[in-house]
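S.K.: These protein sequence lines are chains Z and C, in that order.
The numbering of the first sequence is the working numbering, which starts it at 16 and goes up by one.
The numbering of the second sequence is the working numbering, which starts it at 5 and goes up by one.
Treat the hints with care, since some could be wrong.
Think about it this way: if two alpha-carbon atoms lie no more than 25 angstroms apart in a straight line, the pair counts; the simulated PhoX-like pairs of lysine-lysine are [as the list claims (entries may be wrong)]:
#	chain 1	residue 1	chain 2	residue 2
1	Z	151	Z	417
2	Z	329	Z	151
3	Z	284	C	88
4	Z	219	Z	151
5	Z	295	C	88
6	Z	404	C	73
Distance ranges between label pairs, derived from CB positions [as the list claims (entries may be wrong)]:
#	chain 1	residue 1	chain 2	residue 2	range
7	Z	401	C	133	31 to 37 angstroms
8	Z	282	C	159	37 to 43 angstroms
9	C	156	Z	442	32 to 38 angstroms
10	C	48	Z	442	37 to 43 angstroms
Rather than coming from a laboratory, the hints here were simulated on the basis of the structure.
The beta carbon of each residue, even a glycine, is placed where N, CA and C say it ideally should be.
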Amino acid sequence: MTPPVIGLMGILVLFLLLFVGIPIGVSLGLVATVGLWMLAGDSATFLKLAVTPFRLVADYNMSVLPLFLLMAQICTVTGISRDLYNLAAKWFGRLPGGIAMASIGACALFAAISSSAVACAATIGSIAVPEMRRFKYADSLSTGTTVSGGTLGILIPPSFMFILYGILTETSIGQLFIAGIIPGILQAFFYILVIYILCRHNPKLGPRGPVTSFKEKIAAFGACGEIIALVVLVMVGIAVGWFTPTEAGSVGAGGAILFTVIRRRLTWKGFREACAESMKTTGMIFLLLVGAYIFTYFMTLSNLPAMLSEAITKLNVPPIVIVWIIIAIYMILGTAMEEASMMLLTIPIFTPIIANLGLDKIWFGVIVVRMMQVAMISPPVGITLFVIKGIAKDVPMSTIYKGVTPFIIADAFHIILIVFVPWIVMVLPNLMH
Amino acid sequence: MARLMNLLQSTSRAGLVLGTVFMLGIGAMTVLNVILRIFNIAMTGFIETIEILMIVAALGAMTFAVFEKTQVAIDVIIGRLSSKNRRRFDIAALSASLVFWGLVCWATIDWLFRGAYTAITDILKVPMWPFQVIWVIGLIFFCLVYLTELLTMLFNRRLKE
Chain Z
16 MTPPVIGLMG ILVLFLLLFV GIPIGVSLGL VATVGLWMLA GDSATFLKLA VTPFRLVADY
76 NMSVLPLFLL MAQICTVTGI SRDLYNLAAK WFGRLPGGIA MASIGACALF AAISSSAVAC
136 AATIGSIAVP EMRRFKYADS LSTGTTVSGG TLGILIPPSF MFILYGILTE TSIGQLFIAG
196 IIPGILQAFF YILVIYILCR HNPKLGPRGP VTSFKEKIAA FGACGEIIAL VVLVMVGIAV
256 GWFTPTEAGS VGAGGAILFT VIRRRLTWKG FREACAESMK TTGMIFLLLV GAYIFTYFMT
316 LSNLPAMLSE AITKLNVPPI VIVWIIIAIY MILGTAMEEA SMMLLTIPIF TPIIANLGLD
376 KIWFGVIVVR MMQVAMISPP VGITLFVIKG IAKDVPMSTI YKGVTPFIIA DAFHIILIVF
436 VPWIVMVLPN LMH
Chain C
5 MARLMNLLQS TSRAGLVLGT VFMLGIGAMT VLNVILRIFN IAMTGFIETI EILMIVAALG
65 AMTFAVFEKT QVAIDVIIGR LSSKNRRRFD IAALSASLVF WGLVCWATID WLFRGAYTAI
125 TDILKVPMWP FQVIWVIGLI FFCLVYLTEL LTMLFNRRLK E
């Protein structure tokens, strides 16, 4: 067997292992171990198995993970998410569908603290869904809004998916974070537009909320002003080079602890809970990454990505066509696979192709994360669908699917826009240079 | 078996506490480094220190995650199976995990004995062997957790039969 054939066989076996429920990190690791053994022999495989996991955990850049997670957890356990929601509700609430718009706004604000879509959907969903039901919003709109809004958690920085992509492709995590800002804001705007159009067409879907005075609107900033300032400091700090993204994680976590302690919102119990939760997620990610690192090495050694890349170059089709094919592959995979595994499986194959086509890895990273978002809300296995189903237990799954459909259409327009106008993604990272 | 499980649980809790302390240490040191940089003061061996702390922090996190069964898996197919069939796949998943981490553990011990233990850091000249040993202990812990869970599953089945 030639190395590319071994690589291809490895991918097929990997799919089989994944679908019979073997943990993703273990599936990647086992396939890579057997593949490496066939390609490079037992000594080289053994050395790789010993060195790769140890180097991974002893990597300075990895410290970005637990600390950004801790920052998000501190904000979650201290109830800052409710303040963010109140702020958005005071400003948007009076518009038709205003509480739903406020939920999108709160998701966007919370996304700037949190790095996970599930955390964003669960945290804001648990506040916003009951609130929208109180104001007699249609279940389809209330659930569809929070399912879609939750995904902003992985596009607006700090984002766990950008960290993962940056680690796997050796791309600047700082540039990826900054690149996600405008597409993230634009996505939130698209969602608000969807709600506006839906509620203009059928006002019963989302009645107007209570009237709030300008004084109340300004006062709402007071409850979460320092956290918004912290988020701005972290992002501006990365963009202008005051600190690296790795350091930004520590600054963000330190700042969140400091502000919540000064405000007397952080209890010892809450602090312990936040630490345990961030450690658990960190551990889970490291268990995935050990397998992913060995798998990436196996793919490189099999020469499969390079061969694919060469074959695609010879096809003589415009690079944009290849990008659309990759997007289509992500759409298909997204209906059946979990996002992290989708990324770990595809990045070692797609990134060399993108680099060979002369396309920007930062821009491609944003598109990949954007596709992860679509996967998260795509029936039947989109994870945020189930998160919101867990909150609104009496709402049938079919209603949630119906509610999320207009947002998926908005996603399609948004993706077309960032594919054809890369400036939207690249303007801020280019300014960083 | 129950006594072993309790011991593993205590170890995972200890790993969590130790890992958290080291994670907070990393955060504090990094913030201090950023502040000192404003005054043009460099912390010698900062990155090396963080890397050493990361070994314990990451291992503590992984230990906790393994014990709490937070590994990500796709359950599109097995989620629809009967509990009897699902159990078979669970046994397969545990066996696969045991094989993979067993191989990593074996390879790491072999690597250590082949001379990796002599490594020292570039700037601070800290010997790496104590941290490599801690890492190996962590890997042995993973294997023990998987083995105990596997045996518990198989043993429970035999009892039912």
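S.K.: Does the alpha-carbon distance linking residue 151/Z and residue 417/Z stay inside the 25 angstroms limit?
M.R.: holds, 18 angstroms
S.K.: Between residue 329/Z and residue 151/Z, does the CA-CA distance stay at or below 25 angstroms?
M.R.: violated, 58 angstroms
S.K.: For the pair supplied as a hint, residue 284/Z and residue 88/C, is the alpha-carbon distance within the 25 angstroms limit?
M.R.: violated, 40 angstroms
S.K.: Is residue 295/Z within 25 angstroms of residue 88/C, Cα to Cα?
M.R.: Roughly 29 angstroms separates the two Cα atoms, so the pair is violated.
S.K.: Do residue 156/C and residue 442/Z keep their Cβ atoms within the hinted range of 32 to 38 angstroms?
M.R.: Taking Cβ atoms as reference, residue 156/C and residue 442/Z lie about 56 angstroms apart, which means the hint is violated.
S.K.: Lying within 31 to 37 angstroms: is that true of the beta-carbon distance residue 401/Z to residue 133/C?
M.R.: Roughly 46 angstroms apart at Cβ, these two residues miss the hinted range, so it is violated.
S.K.: Could you check the hint for me, namely that residue 48/C and residue 442/Z are 37 to 43 angstroms apart, CB to CB?
M.R.: Check passed, 39 angstroms falls within 37 to 43 angstroms.
S.K.: Hey, residue 404/Z versus residue 73/C, does the alpha-carbon distance stay inside 25 angstroms?
M.R.: holds, 23 angstroms
S.K.: In this structure, is the beta-carbon distance linking residue 282/Z and residue 159/C contained in 37 to 43 angstroms?
M.R.: holds, 42 angstroms
S.K.: Check the hint pairing residue 219/Z with residue 151/Z against an upper bound of 25 angstroms on the C-alpha distance.
M.R.: Status holds; Cα separation ~8 angstroms.
Hint compliance for this structure: hints 2, 3, 5, 7, 9 are not met, and every other hint is.
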